[in-house]
Each structure stands twice: as structure tokens, then as C-alpha cells.
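Student: Here is how the chains run, residue by residue.
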Amino acid sequence: MERAEIFEKLNEVFRDVFDDESITVGEDTTAKDVEGWDSLRHITLLAAIEDEFDIEFSMGQTVSMKNVGEMVDFIQEEL
Amino acid sequence: MKKIYLRRTAKIIAFILCFIVVFFALNALFSDMYSTRVRSFYHMEKDSIDAIFFGPSQSYCAINAQKITEEYGISSFDFCADGQPLVMTYYYLREALKRQKPKVVGVEISKIFNTPVTAERIVYSYSAMPLTVEKYNSLKALHDGDKTKAFEWFIPLFANHSWWNQINPFLLVKDLLSDHSAEYLLRGFEDNKAAEPVEIEFLNGGGYGEIQQIPDYSIDALNDISELCRQNGIKLILFKTPVAADWTINDSKTVKEYMSENGFTFFDMNDNLDEIGIDPETDFLNKLHLNTKGANKTTDYLVRKLKSLNIF
Amino acid sequence: MSLTSFYFLIFVLCTVLLYYAAPAKYRWTVLLAASVVFYVSYSIVGIFILSATALITYFSALRIEKIGDGYKSWLAENKQNASREERHARKKASQSHQRRYVAFVVTVSVGLLFLFKYYGYFASGINRAFSAHLWTAENLLLPLGISFYSLQLIGYVIDVSRGITKAEKNPLKVILYGSFFLSIMQGPFNRYNHLMPQLCREEKTKLSFYKFKLAVLKISWGYIKKMCIADQIGCIAREVFTNYTNYSGLGIALGMIAFAVQLYADFSGYMDIICGIGELMGIEMPQNFRQPFFSGNMSEFWRRWHITLGAWLKDYIFYPILKSKAFLKMNKGLSKTLGKKAGERIPTYLGMFILWTLIGAWHGAGFNYVFGVGILQFIYIVSGELTKPLTDRLNKLLHLKEGSLPLRIIQSVRCTLLMIFAWVFFNSSSFTAAVHMLGRLFAGKPGLSQIQAVFYSDSGILSGSGKIWLIYIVLCVLVLLIADFLHEKDVFIREKIEKKPYVARVLVYLTIVFSIIVFGAYGDQVDVSNFIYFNF
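Chains as they are written, first to last, in the working numbering: chain A, 1 to 79; chain B, 1001 to 1312; chain C, 2001 to 2536.
None of these hints come from the bench; they were simulated from the model.
Given the structure is predicted, the values throughout are model-derived calculations rather than measurements.
Careful: at least some of the hints might be erroneous.
Stated by the list, open to error - Taking lysine-lysine pairs in the DSS-like style, the calculated list, with each CA pair at most 25 Å apart, reads:
(1) LYS1135/B with LYS1147/B
(2) LYS2092/C with LYS2079/C
(3) LYS1011/B with LYS2499/C
(4) LYS2213/C with LYS2445/C
(5) LYS2500/C with LYS1003/B
(6) LYS1003/B with LYS2211/C
(7) LYS2500/C with LYS1011/B
(8) LYS66/A with LYS2314/C
(9) LYS1011/B with LYS2206/C
(10) LYS2496/C with LYS1011/B
Excised from the complex, chain A in its bound form:
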């Protein structure tokens, strides 16, 4: 899957999880940039992304991803 397509899908997931239609994520988006994305919601968010792409993040990936760009890298690996 192309990166652009992944980002499009991610936007949908983010908007759904955080209840905010205005969210748009990019390569450098981090938890600080999205309201409500704290350590507690991180898992919920990843679970939703895993569902959307039918993949599974490893724990290593879960704790080490620094921004959405890295997240997309991991998604591409898993697909």
C-alpha cells in the first residue's frame, strides 16, 4: 500500500478514536500534537489501527514509535 493511502486511512481512524473531524496527521505528528492522545489512549488508538489494517504491532513497535511517520513504516512492514 502506498504511504499516502495509509495516511488517508489513518486520518479516519484518528478522527474516530479522538472524536474530532479536524484531525489530520502527517509524518512528524506526535502525541503532543493531538489532544487526548496520552499513554492511556495510545493502546486504544493502536488497537483501532490494527483492526483497520488487519495487522498486529509488536510491543517493541508500540513503545518505540516516535511519530506517525514511524507508525506508517511499521504498518508497511506488517502488510
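Given the coordinates of chain A, assemble chains B and C onto it according to the supplied hints.
Tutor: Just chains B and C, lined up with the frame of chain A:
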């Protein structure tokens, strides 16, 4: 480059100097003002004392050194300390011999069976002593050889720093400026006029108590004291003041046996209460100490006894 | 050797000198030797237990990496041919194989931890309840720092299984990681790939005079907090907590406040000493405190207090729990029935409940720990979240703007009071004792006499006037507050001191040194306590 090192060294030295100055000032502030006995001793003229008495508070309440000096013409001093165990007596004696050349040393042995040395007593007994090797060694001995504790007690600032919540610099200045000559006249004796009637068990047929062994540390200390006196040509006598509250008949027997077996001169004044003229109603400050009335009687007896033994 | 003893200072001096004398390649061996010496000064048997645990971890980590490498090389060869299902199956098999080794290390570490720290408590309880005669492990001494090194080693092996850090080839370095003397007694919790590169770096580093002064300032600040504040004020706390039946009302409150001050000064002071010593060797230890009493809510408090413990638990317990199949299923199921918010919140809260119970239990064997720094904190955080809409409305009513100073002050006072209350459980001998003590808050008639009672107690804890003690407590709190306030504003205090003219600096140094000498709680005339987290 060199300039930087020089400047830096100068700065460090200046800091160390400031530190030393503040340290000594604080050290003086935290010194104990109340151990008058020790302070008086260091005020006596060098080589002017012929008889020094050691021992715990029983001793400095019972032996009137001023009386012996003024009435009997034998220059004396009560270089005693609260709860003074024999090991402390040894080091006090060493310290004393640096300034005085006594011919007679009298040691009161109430504490021969135990060494109840509390922090309070150490403060009283050592704070006013100058920083000498004897002071350090004696503190080490009192703390079972613990060098850290000995060092801590050695320096008044470290020993008494916890008085920060009580210290009053004005009192210190007042004390420094006031006149202590009345205190020096007493020569270590404590003048107590008050009286409290006590019961003397010996007179009622009681007071036998358990049989105790003389602890090794006391035996070692006695030997050290005796050797030190022998080296300096001093006549050593050991005695027990006529205070029966911390003494039993069995204690007396044990000590008398030990002393005679080992060639010490010892007498227990509790054997001669009538001769001394001790009156339980009027002669005691409390059950452990005589007051001045009792002390004067005891002192007279002591001088008579020492003369009869050819010591005085 | 105790951190406040003379021997420790000599030990640090020798270690630092040897560290810089040794060639860069061998500096880590100096640290290993120092750590062993430090540990052995407390227990000889313990170092063997620690080494055994570390070696088991070392071997397991190597195996785990090998398994992972096996999968990676298979993947590299077969990426094109293998189907997605096959790749997933292989990955799952490799992961589950690795997990067996992780489980092994966790079992050994936690098993030992349980045996030494908790078994006796449960065995005694069972004996009492059922008149049994189980062995209560009374003679077993708690190995130094087992609560810290066990978790730290588990973290390492999990990190290897997650591919976050490479397995260490040298067993001695794993032992160093477990026993490092700067974090063995009270933390902070390290991460392998943050600490070890620093300890084992190959480049030669030097210590400038400036850095040396900064480090010494940090160390002395730690000693002031420990000796002048924690140990002194600790006397009051200890007296009130031990003999709370003698006190009431304001006296109890005084004891509670005194304990909070003591705990903070003690723990953060220790951290300062440790970090300062690290700085002397160019090693950066993780931060454990970030002005915790300025927190806006309890969640934030626990991100500012004992930071490394929270981080460790989040990464190695909380996330794995939340990400477990069971929890994800619960999330899905509840989302369907109760809606998205409930579906997300309920598993999260359940996970948090488990997490906080574990945090409480980690602090000690006893319900007072599990409750005070565990379940109660969970209640604080959850009720804080659930009542946020209400408090927001209240703030609007009172014209308190979000982020404004008055609101922040109210919030931090609230957090402080909640923690002072919670810490009563932490410091009491039992849960019931804590409840009784708190009950005594309302006993007696409020008045100054209740405070005076503490200072004229028969146990004679305090010489000197009570007034002076109260002034001293206020002074200590002010000093801590000002330091924290400056840090909150990102003021690098030590740097500012070093920039001042020479005379001002000398005054600061002399004040520091003589504060420790005069106000420090040492010597026969003071009752000195051990660090509170020492029995960990």
C-alpha cells in the same frame, strides 16, 4: 594559562581560610559553658597542686578540695566528672599530669562495676578540655575504640551542633566576660547547702546485694592508673565515699579482697560512718550525694586517714 | 556503608579517582568493582543472589536474540516466496519462543523477590488464621535493592525481546547493570540502552573544574535535604506516628505534614546525591522528581513523583496488560454494548486498577501499602477524571481560568493534601493503625496545646523550644518550595550560582557546608534514621 591556575589556587586558599575562621567561631559558640570543674582545673597555676582526687559525682560532692587546701595546707583539686568510670579517670590523670606534679592521687571507685556513660555526661566532662591527644584517646576508649565517634566528640562543633535550637549567643558572651574566680576557689568541689534525709541500709542491717565480679575493663584501667602513678612517683589511694545508695556489703567485700590481693591501698568509708559522724538527716543532698556539711565531715576524716597511712 | 557515613565519601572519592585514572576501555570495570564493593559492604550472600539473577538474565537475553535473529534471517531469505499467513505464523512462533525465556527470567526474579519480601508476611498471616506452622522465612534477610534490580533486569530482557536493545555479550556488564551502585539502593530505574552506553563508552572524558563544582553543589544540596531537612523533621514524624495515641488534632496534622516533608526531602535528596556523583563521572542518571507538588491533578503527580517507577510500570506492565488479547476483546465487547467511551474506559480503568494494586504491593508487604500508594491513588485518579466536567464547571463559576496562577495553586494544594493523607497509610505500621491515627485528627479540642504536646512529649525527642522547631519546619518547607519553584521555571540554579562574583559564591559554599555541620542530623546527640526506601 599559569595565571588562571594561580588565581584559582588563590581563590581556593582564600575559601579554606574563610572556612577555618567561621569554623573556629562556631566551635566557640557551641562549646559547653557549664563544665566549670574542667575549666577551673586549667586555671590552676602549673605545678601547684599536691593532691588530685578523681571519680564520679560522689567524689566531687564529698571531698572538699578547697577545705584541704585552705585549712590543711595541702594544695588539692577535685578533677572529677559525672559518672566517671575508671577508664576516664586514667585519661583524666594523664591529662592532669601534663600540667601538675601531684604527690598523691585519690580515686573514688563508685563506678568500678559499670560504666554508665551517657552523651550528656560526655558533654559535661569533655567539652571544656583543650584538643589534646589524651582527649581523643579517652573518647575513643569510652566508645569501644570507635574512631568516628571519638572524632565527633573531640570537636565541640561536631559534638554539640544539635544545640542549634537552644543556643543563645548572648549568654555565651556574658559568660566569657563574667568573672569566674569564685568558681576557681572551689577547686572542683561542688558546694551544696540543701539537705534531704536519706535511709542508710547498712545501719538497718540490710544492703547485702548480689555478688558482682569486677569487670575486666575496670581491672585494666586500675592497672593503667597504678602503673602511671608508679612511673611518676605518685602515691595512689583508692576509696569509697560514705554513700551507700549505690553500694552493697557484698560489693565492699569483693573490692576489698581484690584491692588487698593486688597491693592497692583502699578503704571503704562506709565502714566508719560513726567515726566520720555521718547524720542521714542532715548530711545528704540526695541519696547518691553528700552535701557540704557531709562533705566537710568526710574531708576531715579523709585527711586524718591519709595522715595515719603516711600518705599526707 | 550508609550514604551519610564518612566511609561512603572516601568510597566515592576513590571510585571517581580510579575512574579517571583508568583507560576509557576499562572504566566500566572500575564501576563494576565499585558496585561489588558497595554491595558487599551490606551483604556478601546478596551479591551472589544478584549475580545469579543477572547471569540467568544474561543467558536468556542471548537466547532470545538468537531466536529473533533466526526469524529475521528466515524472513530475509523467504520474503518473496512466503505468504502473509506463513510469515505471521513464523513470527508468532518466534515470539512465543522468546516469550518463554522472558517468562523464565520473570519467574526467577519475581519468585526471589516474592520469597524475600512477601512470603514471610503471607506465611505469618496463614499461620495466624489457620494455626498453621509454615516456615515464615524470618531469618532471610532482604537482599539489598532486590525490588530495584529485579525489575531493572526484567526490563532488560523484555527490551531484548522487543528488539529495543541488543543482547549484551559480556556477562559482567549485565551484572554491572544489575548492581550499579548509583541505583541499587533506591533507584532510579534505568533502561539498558540509556545507562550502559554511558557506563561503557569508549571515548575518554575529562572532568572540568566547572563541571566538578556543579556536581559538588548538587551532591551537597542532596545532603542538606537528607541530613538537615529529612532527618531532623523526621524525628517529629516518627514520634507522632509511633505514639499517635498521645496526640490529637493539630498534633496529628503536624506529624502528617512532617512525614510528607521528610519523605520528599529524603527521597529526592538521595536522588540528588546519586545524580551528582554520576555527574562527577559524566554519567547522566534519569530524573526521578519534577516538582511533584506543583501538579494540577493526581495523574500528573505520578508523572512527576518517582518518575522512573511510573515509566517502568507503564512500559512493562500497563501496556502489555492493555494490549493483551483479553483486554482487547473486552474493549470490543463493551464498545458494542455500552458504547465507544465505556468500551475504552472500562478496560483502561481495570488495567489501571491492576497496575495500582501492583504499585502499592511493590512498596511493601502489607495492606497499608497496597491501599495507600496503590488502590487509593487509583481512586484519586479515576474520580478526578470522572468529576472533570463538574470541576470544570465549578472553575468557570469561580472565574478560575485554566492555567491561571490561582487555579494552579489551588490544584497543587489539593494534590499535596491528598498525598499527605495517602502517606499516612504508607508510614503507619498497619492499615488499622493508619485509620486510628487519622481518626485522632478529630479528637480533642483544636488549639495550640495539641502542637505543644508533640514538643514536650515524654520521649524527649526534641530538646529546645517548640517555637524554634516550628520556625525551622517552615524554613525547610520554604527552601524546598523556592528550589522547586525555580526549577519549574527552568532556572538552572547551580549555573546561576557559578556565574555570581567570587564573594557571593564563597558565601553560598560556606552556608552550604555549615548548614550541614550545624543542622545536619548526625552524632550521638541526635537520633538518625536510615533512608526510608532502604528496605527495598
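Student: Hint by hint, note whether the structure agrees.
Tutor: Hints versus structure:
1. Restraint check for LYS1135/B and LYS1147/B: satisfied, since their Cα atoms lie roughly 12 Å apart, inside the 25 Å limit.
2. Distance check on the hinted pair: LYS2092/C and LYS2079/C sit about 16 Å apart at the alpha-carbon level, within 25 Å; holds.
3. Distance hint between LYS1011/B and LYS2499/C is fulfilled; the C-alpha atoms sit about 15 Å from each other, no more than 25 Å.
4. Restraint check for LYS2213/C and LYS2445/C: not satisfied, since their Cα atoms lie roughly 52 Å apart, outside the 25 Å limit.
5. Only pairs whose Cα atoms come within 25 Å are accepted, and LYS2500/C paired with LYS1003/B is accepted, the gap being roughly 21 Å.
6. Proximity of LYS1003/B to LYS2211/C is assessed by CA-CA distance (about 20 Å); at most 25 Å being required, the pair is judged to hold.
7. Note on LYS2500/C and LYS1011/B: the hinted pairing holds, with a Cα-Cα distance of about 14 Å set against a maximum of 25 Å.
8. Restraint check: the Cα-Cα separation between LYS66/A and LYS2314/C comes to about 16 Å, which is no more than 25 Å; the hinted pair holds.
9. Among the hinted pairs, LYS1011/B with LYS2206/C is consistent with the structure: their alpha-carbon atoms are about 22 Å apart, no more than 25 Å.
10. Taking the CA atoms of LYS2496/C and LYS1011/B, the gap is about 19 Å. The hint holds against a cut of 25 Å.
The earlier numbered hint that this structure contradicts is number 4, and it is the only one.
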